[in-house]
Amino acid sequence: MGIDVNLYAEGEVTDEELAAANLYMKNRCDIADDWQKTGNVLNRDDEEWFPAPRIALSTMVRFYGQHYERGPWPNIYGAIRLLQTALPNCTVFYGGDSTDDGIECTEEYLAELWAHFLGPNGDDYRARHRREFGPKS
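Numbering (the numbering used here), first residue to last: 13 to 149.
Keep in mind that the hints were calculated from the coordinates and are not lab data. Hints are supplied without guarantee of correctness; some may be wrong.
[Said to hold, decoys possible] The calculated label-pair distances, taken between Cβ atoms and stated as ranges, are:
1) Trp61 to Met13: 18 to 26 Å
2) Arg56 to Asp135: 13 to 21 Å
3) Ala32 to Asp136: 37 to 45 Å
4) Thr26 to Gly131: 22 to 30 Å
5) Glu28 to Tyr137: 39 to 47 Å
6) Asn133 to Ala31: 16 to 24 Å
7) Trp61 to Glu120: 24 to 32 Å
8) Asp16 to Arg93: 37 to 45 Å
9) Asn133 to Asp109: 18 to 26 Å
10) Ser110 to Pro84: 16 to 24 Å
11) Gln96 to Gln48: 16 to 24 Å
12) Asp46 to Pro100: 20 to 28 Å
The beta carbon of each residue, even a glycine, is placed where N, CA and C say it ideally should be.
Generate coordinates for the entire structure from the input sequences, incorporating the hints supplied.
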């Protein structure tokens, strides 16, 4: 099993703000998925050990990062920007679901991911897969 996206916002969100953010994300975000069948793509994640209240985006999409070039980074980036817009008073974090905590989505962090994606190693996983399992000559 692979690592999926862990994308969430931390901060205080009213029920009305959450409802509006859910509608916004459902209508615009192509990686949002109501796989939990809650009727929402954004859900409160109220684990007691989290440092702040969290709103998690439900997805079934593979994580993308350095040394794990699997997920659709442009779509993930779009979801990050949409979540930042939908919940402007929150801080957005991105990572893999192999850990509870993501990295804050600062401009610098997002620029690093874009530089990797656009650079020579941005498709290492797929290139390695093509080399190992591609057509034999």
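Okay, the hints, checked on the actual structure:
no., hint, in the structure
1, Trp61 to Met13: 18 to 26 Å, "holds, 24 Å"
2, Arg56 to Asp135: 13 to 21 Å, "violated, 36 Å"
3, Ala32 to Asp136: 37 to 45 Å, "holds, 39 Å"
4, Thr26 to Gly131: 22 to 30 Å, "violated, 41 Å"
5, Glu28 to Tyr137: 39 to 47 Å, "holds, 41 Å"
6, Asn133 to Ala31: 16 to 24 Å, "violated, 41 Å"
7, Trp61 to Glu120: 24 to 32 Å, "holds, 27 Å"
8, Asp16 to Arg93: 37 to 45 Å, "violated, 19 Å"
9, Asn133 to Asp109: 18 to 26 Å, "holds, 23 Å"
10, Ser110 to Pro84: 16 to 24 Å, "holds, 18 Å"
11, Gln96 to Gln48: 16 to 24 Å, "holds, 22 Å"
12, Asp46 to Pro100: 20 to 28 Å, "holds, 23 Å"
Hint check: violations occur at hints 2, 4, 6 and 8; the rest are consistent with the structure.
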